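*Asks:* Below, each chain spelled out in residue letters.
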Amino acid sequence: MAYGDFVIQHDLNFTVRRGDIFIIMGGSGCGKSTLLRHLIGLKSPAKGQVYFDDLSFWEAGPEEQETVKRSFGMLFQSGALWSSLTLAENVALPLGEYTGLSPVEISEIVSLKLALVGLAGFEEFYPSEISGGMQKRAGLARAMALDPDILFFDEPSAGLDPISSRRLDELILELRESLGATIVVVTHELASIFTIGNNSVFLDPETRTMIASGDPNLLRKECPDPKVRSFLNRGEP
Amino acid sequence: MKAPEDTASGQARVRYTQPSADCLLIRLAGGWSLKDGIPSIDEFNQQITAQPLIRQIRFDGRDITQWDTSLLAFLTRIIGQARQQGMTPDFEGLPEGVRRLLELAAAVPPQPDTGRGAGHTALLAQIGTTTLRYLQGAPEMARFLGEVVQSFGRLLRGKAQFRRADLMLIIQDVGPQALPIVSLISFLVGLIVAYMGAVQLAQFGAQIYIANLVGIGMVREMGALMTGIIMAGRTGASFAAQLGTMQVNEEIDAFRTLGISPMDFLVMPRMLALILMMPLLTLYSDLVGMLAGLFVAQTAFDIGTFEYYHQTVHALDLRQFAVGISKGTTYGILIAFAGCLRGMQCGRSAQAVGQATTSAVVTSILFIVIAASLLTIIYQQLGI
Chain V
1 MAYGDFVIQH DLNFTVRRGD IFIIMGGSGC GKSTLLRHLI GLKSPAKGQV YFDDLSFWEA
61 GPEEQETVKR SFGMLFQSGA LWSSLTLAEN VALPLGEYTG LSPVEISEIV SLKLALVGLA
121 GFEEFYPSEI SGGMQKRAGL ARAMALDPDI LFFDEPSAGL DPISSRRLDE LILELRESLG
181 ATIVVVTHEL ASIFTIGNNS VFLDPETRTM IASGDPNLLR KECPDPKVRS FLNRGEP
Chain R
1 MKAPEDTASG QARVRYTQPS ADCLLIRLAG GWSLKDGIPS IDEFNQQITA QPLIRQIRFD
61 GRDITQWDTS LLAFLTRIIG QARQQGMTPD FEGLPEGVRR LLELAAAVPP QPDTGRGAGH
121 TALLAQIGTT TLRYLQGAPE MARFLGEVVQ SFGRLLRGKA QFRRADLMLI IQDVGPQALP
181 IVSLISFLVG LIVAYMGAVQ LAQFGAQIYI ANLVGIGMVR EMGALMTGII MAGRTGASFA
241 AQLGTMQVNE EIDAFRTLGI SPMDFLVMPR MLALILMMPL LTLYSDLVGM LAGLFVAQTA
301 FDIGTFEYYH QTVHALDLRQ FAVGISKGTT YGILIAFAGC LRGMQCGRSA QAVGQATTSA
361 VVTSILFIVI AASLLTIIYQ QLGI
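Residue numbers (my numbering), protein chains in the order written: chain V, 1 to 237; chain R, 1 to 384.
In case anyone wonders, no lab produced these hints; they're calculated from the structure.
Keep in mind that a hint or two might mislead.
To be verified - Each computed DSBU-like pair below joins lysine-lysine, with the alpha-carbon atoms no more than 35 angstroms apart: (1) K47(V) / K227(V); (2) K69(V) / K35(R); (3) K47(V) / K69(V); (4) K227(V) / K43(V); (5) K35(R) / K43(V); (6) K69(V) / K43(V).
No experiment lies behind these values; they were computed from the predicted model shown.
Modelling step: build the complete structure from the supplied sequences, incorporating the hints.
*Replies:* As C-alpha cells, then:
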C-alpha cells in the first residue's frame with residue numbers, strides 16, 4: 001500500500017473466512033482505512049492482490065469487478081448518505097438499480113431495513129435532519145439493502161455514545177448470526193474489538209507491516225509482540 | 001446473505017393448511033431470493049376471509065433452503081395483515097435467523113409524530129410559504145450588510161482579525177488567475193461591438209468611428225459589465241461554495257467558538273480582494289476590448305494603428321475611465337457581498353452548497369444588472 005513513493009504498509013497477507021467478523025486494527029495513521037479502500041475496490045494496491053474466493057479483484061475485468069462489488073455493503077465513517085435524497089430514497093436506490101422489484105416491494109423492503117436499524121418512521125427524513133448516530137444507522141440500512149455477502153464497516157463506533165455503540169455492536173453480531181454475513185470492521189475501539197471480533201489483523205505504523213493476526217481476545221493475552229498487547233490493554237503491557 | 005444450507009432448490013413456495021378451525025399453518029419452502037421478487041399475499045387474504053374463525057397464524061419453515069430479505073418482506077406483509085385482523089402470529093416454526101431479525105425490526109416501534117407523509121400542501125399554502133421565505137431573506141440580507149459594515153469598521157481601525165497571507169492568496173485567485181478568461185471574453189465582446197458598429201458605420205463611410213464606439217462602449221459599460229458577469233460566475237460562486245462547505249464541516253462554528261469573527265476572518269479578505277482587483281480587471285478588460293476593435297479595424301476596414309489610436313484618445317477622457325472603473329468596483333462589492341452572503345447562509349448538506357452556489361450567481365447577476373441600470377441613469381443625469 002503506498003501513496004506515490006510513500007509506502008504505508010507492505011507484506012500484508014491475511015485471509016478473511018466466510019462468517020468471520022474480521023477486525024482491522026492499529027494505531028492512528030497506520031493505513032487501516034487505506035487497506036479497507038483496497039478491499040472494497042476503491043483504490044488499487046501498489047503491489048499485490050486481493051482475492052474474493054478465487055477471483056483476483058484487481059486483475060479482473062470491469063464487469064467481474066462490478067459483480068463482485070455488488071456482493072459488498074459498505075458503511076462509511078460518517079454514513080456517507082446522499083444528502084439530496086431522503087433516507088428511504090437512499091436505501092431504495094441500490095434496490096431500484098440492481099433488482100427488478102416493483103416500487104411497492106422496494107418501499108416495503110426499505111421500511112424493513114430501516115426498522116432493522118431502529119429507524120422505522122424516518123423514511124421521509126433527509127440526512128441533514130437526523131443525528132450523526134442515526135445517519136450511521138441509516139448508512140447501515142443502505143449497506144444492507146442488497147443483502148450483501150460481505151459487509152465493510154469503517155470506524156462504526158466513531159462519534160457514537162457508548163449505548164448506541166453497544167447497540168451497533170449487537171446489531172453487527174445479529175447480522176452475522178442471522179444472515180451468515182461476513183463482516184470486516186476497521187476500528188480501534190477496544191470494547192467493540194473484543195465484543196464482536198473473532199479474527200483480526202494488527203497494522204503497525206512504525207514497521208509498516210502487520211505484526212499480529214488472529215482472535216483479538218487471544219492476542220490480548222498471548223501475543224508475543226508487546227506493542228500488540230499494549231494496544232489491546234490500553235497502554236498497559 | 002444465506003441460510004446455513006446454501007443450496008437453493010427451486011423458487012420460493014408457500015402453502016396454506018388448516019390443522020384446526022382457528023389456526024392457519026403457512027408452509028414456506030424453497031429458495032427465497034430478492035431476484036425472484038416477493039410472493040403475493042392474496043391467497044393469505046382469501047384464506048382468512050373464507051375462514052373467519054382463524055385466530056392464530058403458525059409457520060413451518062423447515063423446507064426453506066435459502067432465504068434473504070424477500071422472506072422477511074413477505075413475512076412482514078403477512079404479520080401486518082394478521083395483526084390488523086386481530087390474529088396472533090406465532091414465529092416458532094421459522095428459522096432462528098428469521099425470528100431474530102423479525103424481533104429486531106419490531107424492537108424499535110415506528111416513531112410517531114414525525115410530521116412526515118401528511119400529504120401534499122395546498123397550492124395557496126405553498127405560494128404563501130415561498131413568499132414568506134423570500135420576505136425573510138430581506139432582513140437576513142440587511143443583517144449581513146450590517147455585519148459587513150461593522151467588520152469593515154474594525155478593519156479600518158486595524159482590529160479585524162485575518163491573516164494577510166489569506167488575503168494575498170485570495171487576491172491571487174481573484175486577480176491574476178482570472179486574466180485568461182477575462183482576456184478571452186473581453187476580446188470577443190470587443191470584436192462583436194466593433195463588427196456590429198462597423199457594418200452600420202460603413203454605410204456612411206464613417207468606419208473610423210469604430211474606435212469611438214468600441215472605446216466608449218468598452219470603457220463606460222461593457223468592460224465593467226462583462227468582467228462583473230465573469231467574476232459572478234467564477235469568483236462569486238467560488239466564495240459561496242467555499243464558505244458553504246466550511247459551514248457544512250462546522251469550520252465556521254469553530255471560528256465562532258474561538259471568539260474569531262467569521263466576518264473578519266473569512267468575509268472581509270474576500271471582499272477586500274474583489275474590491276481591489278475589480279478596478280484593475282475592468283481596466284484590463286477595457287484595453288483588451290479596444291485591442292479587439294483595433295484588430296477588426298485593421299483587418300476588415302484597413303484603418304491604420306496610429307489613426308485608430310488617435311481617434312480613441314480623442315474620444316476618451318479620464319471621466320469615461322472613472323465611470324467604467326467605478327461601475328466595476330461597485331459590481332465587485334456586490335459580487336463579494338452576494339457570494340459571501342449565500343455561503344454564510346448555506347445549510348448543512350451537499351445539496352445546500354449547490355443551492356448556495358447557484359443562488360450566489362443569480363443574486364450577483366441580479367445585483368449587477370440593477371446597479372448597471374441605476375448607475376447609467378445617475379451618470380446620465382449628472383452629465384458624466
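*Asks:* Now look at each hint and say whether the structure bears it out.
*Replies:* The hints, checked one at a time:
1. K47(V) / K227(V): 26 angstroms, holds
2. K69(V) / K35(R): 17 angstroms, holds
3. K47(V) / K69(V): Judged against 35 angstroms, a Cα distance of about 20 angstroms means the pair holds.
4. K227(V) / K43(V): 29 angstroms, holds
5. K35(R) / K43(V): It holds: about 30 angstroms lies between the C-alpha atoms, which stays within 35 angstroms.
6. K69(V) / K43(V): This hinted pair holds, its Cα atoms lying about 13 angstroms apart.
The structure meets every hint from the earlier list without exception.
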